[in-house]
Structure formats: C-alpha cells, structure tokens
Amino acid sequence: MPVNEKLLDILACPLCKERVELKADGSGLKCIACKRVYPIRDDIPVMLIDEAVVEE
Amino acid sequence: MYTTSDTHTDAAVLGRVVALADPKPDWKALDIATGSGHTAFAVSRGAGLVIGTDLTREMIDEATRLRQSQGIENVEFCVADAHHLPFQDCSFDLLTCRRAAHHFSRIEAALHEMRRLLKPGGRLVIDDRSVPEDTFIDECMNTLDRYHDNSHIREYRPAGWKRMLEAAGFKVDAVEPYEKHRPLTSLTAGVTGKDLDLIYATLDRLTPAQRDAFRLTDVDGKPYINHWFVMIGARA
Chain A
1 MPVNEKLLDI
11 LACPLCKERV
21 ELKADGSGLK
31 CIACKRVYPI
41 RDDIPVMLID
51 EAVVEE
Chain B
1001 MYTTSDTHTD
1011 AAVLGRVVAL
1021 ADPKPDWKAL
1031 DIATGSGHTA
1041 FAVSRGAGLV
1051 IGTDLTREMI
1061 DEATRLRQSQ
1071 GIENVEFCVA
1081 DAHHLPFQDC
1091 SFDLLTCRRA
1101 AHHFSRIEAA
1111 LHEMRRLLKP
1121 GGRLVIDDRS
1131 VPEDTFIDEC
1141 MNTLDRYHDN
1151 SHIREYRPAG
1161 WKRMLEAAGF
1171 KVDAVEPYEK
1181 HRPLTSLTAG
1191 VTGKDLDLIY
1201 ATLDRLTPAQ
1211 RDAFRLTDVD
1221 GKPYINHWFV
1231 MIGARA
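Residue numbers (the numbering used here), protein chains in the order written: chain A, 1 to 56; chain B, 1001 to 1236.
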C-alpha cells in the first residue's frame, strides 16, 4: 500500500518544516527547501533527520 | 481527584483519553509516540484521519500489523521524533500522547512542537506517569524508574505539567491525577545486576512513613508499590 495521500499532504521536513515532495521513483520524500530526502521503507516514511541524505 | 487502581484499568484510562479528545468525523488527529497504536485506533473510531508516529520502526511495524488485523482504514503511520515532528504548522485538530512523555529528553521542545501542529482551538490529551506534589517521593520515584529503565528521563508533578503547558501556549482544561497499586515486579522486571541492587537498596532505606507514602504493602503475599499518573486535557 503506497503512502496515503492525506498523509503526504501534511508531511513536512522535520528540520526546516517546509513541504516535502514525493520523489519520482517513490523512494523518498524531498524537502523543497533544504533538499534533504527522507526514505520511504516498505511504504512507511522515515522522517528522521539522522536518516536523511541531502540530494542537490 | 485521586482514585484507586480498581477504577483505572487500561481500558478505562483509554476511554477517558477518548472522552477528553471527543474526536469528530472531520478531524485530523496525531498520536505521538503511538507504540503499538492502541490510542490511535481508539481515536480513529471518531476521527476522520489519525496519524501515528513513533521513534522506532519496530513499534510502527507492530502497529501496522494490528491495524491490518483490525481492518482499520483511517490510521496511517510514520517514523518520527517527538522533538522534531514532520508536519506543517496547524495540521491537526487533535493531538494525543500516552505513556511516553517521561521518555522525552527535551520536554519543552516536544510541547513546542505539539503547540505548533495544533490548529487554533485544537485539543491536546496527554496521559503519562507522574509523581505527587512531594519532593521526596518525586525524586525517589524518578530515581527508581531510572534504575528500572535508563531511557526514563522524568515523570512530572501535575502542577509542573500545567505550568509547562501554559508556558508552551496551551490553555489547560483538565488535570486529573490518578494512581495504581502495582506489583513490585512492574519495577524490577527485566532489571539485572547493579540497577536491581540499587532498586532494593533504595527501597530498604525508606522510613516507615515513606513506605506508607509509596503504599509498599503485600497483596496476596506479593509486594506492591504505588505508581502515580496524570491525565491532561488542554487546548491550543
């Protein structure tokens, strides 16, 4: 089951609180401001700052 | 309002959380540190959508399994830290947080996040371990609980909760302390070595009056000790 759209609508970067966008391949959620990508593992967003990778 | 353990089964406490929350069908709710999701599931019977967060993936996986087995369709989960919650401002009508705040390393930061996430007038319901308004019992209980579980940070007095919530910008509607008389094994289970010795040494040092305050008595031949809790209802 993919990540629920209503959850995607309100998720934000836990660090800068800006919106996050689903990556095209569905592998993570990318912050529109700081470019951190939070992984989605087995359909569960892992929104931990320490787990994020900055992707320019 | 203090009541005895007899009236505070887990089901009764969860019922009180839902009564204070009073979720509505068009509400979005967040259950912080959801564990295996029981509070999220209870709130979901009245709310439109409930999000459950937990710091550990293992708890989220357990909650996801329970969601599936119970056929619940309006609860979603993600892994998140209560001190850095991953949601936009004013996203929720209701926040719940049960039996978790005493593990938060920076309670003010967590309360600031809760306040940020609630819509104006949105509700917050917290249920947590607590201590009475007595300095000795406060310090001693917190010490015992740290020996029991080194992830224990602090359980707060009811008045402390009210003060912290008001400082974070909440209006506090209800502060309801309650107690449970529990087997001493609830404090010693899983504890070994030096920490177990320290629990018994701490209890052995108590005066008769202090033992009474902790309700250290035998029930059916087994030692019991008091645990204090608090239920809180507040609004943004």
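FYI, nobody ran anything at the bench for these hints, they're computed from the structure. Incorrect hints may appear among the rest.
Listed next, the in silico EDC-like pairs over lysine to aspartate or glutamate satisfying Cα-Cα at most 16 Å (straight line) [claimed, not checked]:
#1 A:K35 to A:E56
#2 A:K35 to A:E18
#3 A:K6 to B:D1026
#4 B:K1119 to B:D1026
#5 A:K6 to B:E1073
#6 A:K17 to B:D1089
#7 B:K1162 to B:E1133
#8 A:K35 to A:E55
#9 A:K6 to A:E21
Just so we're clear, the structure is a prediction, and the values are computed from it rather than from any experiment.
So, going through the hints one by one against the coordinates:
Simply put, K35 of chain A and E56 of chain A have alpha-carbon atoms about 6 Å apart, close enough for the 16 Å limit, and the pair holds. Restraint check for K35 of chain A and E18 of chain A: the C-alpha separation of about 10 Å stays at or below 16 Å, so the hint holds. Using a Cα cut-off of 16 Å, the hinted pair K6 of chain A and D1026 of chain B holds, with the two alpha carbons roughly 13 Å apart. Taken as a hint, the K1119 of chain B and D1026 of chain B pair is honoured in the structure, with Cα atoms around 13 Å apart against an allowance of 16 Å.
For the given pair, K6 of chain A sits about 12 Å from E1073 of chain B by alpha-carbon distance, which is consistent with the 16 Å threshold. Distance restraint check for K17 of chain A and D1089 of chain B: the Cα-Cα separation of roughly 8 Å lies within the 16 Å cut-off, and the hinted pair is therefore satisfied. Of the supplied pair hints, the one linking K1162 of chain B and E1133 of chain B holds, its CA atoms being roughly 13 Å apart against a limit of 16 Å. Using a Cα cut-off of 16 Å, the hinted pair K35 of chain A and E55 of chain A holds, with the two alpha carbons roughly 6 Å apart.
Simply put, K6 of chain A and E21 of chain A have alpha-carbon atoms about 13 Å apart, close enough for the 16 Å limit, and the pair holds.
Figure legend: structure checked against the earlier numbered hints; every hint is met.
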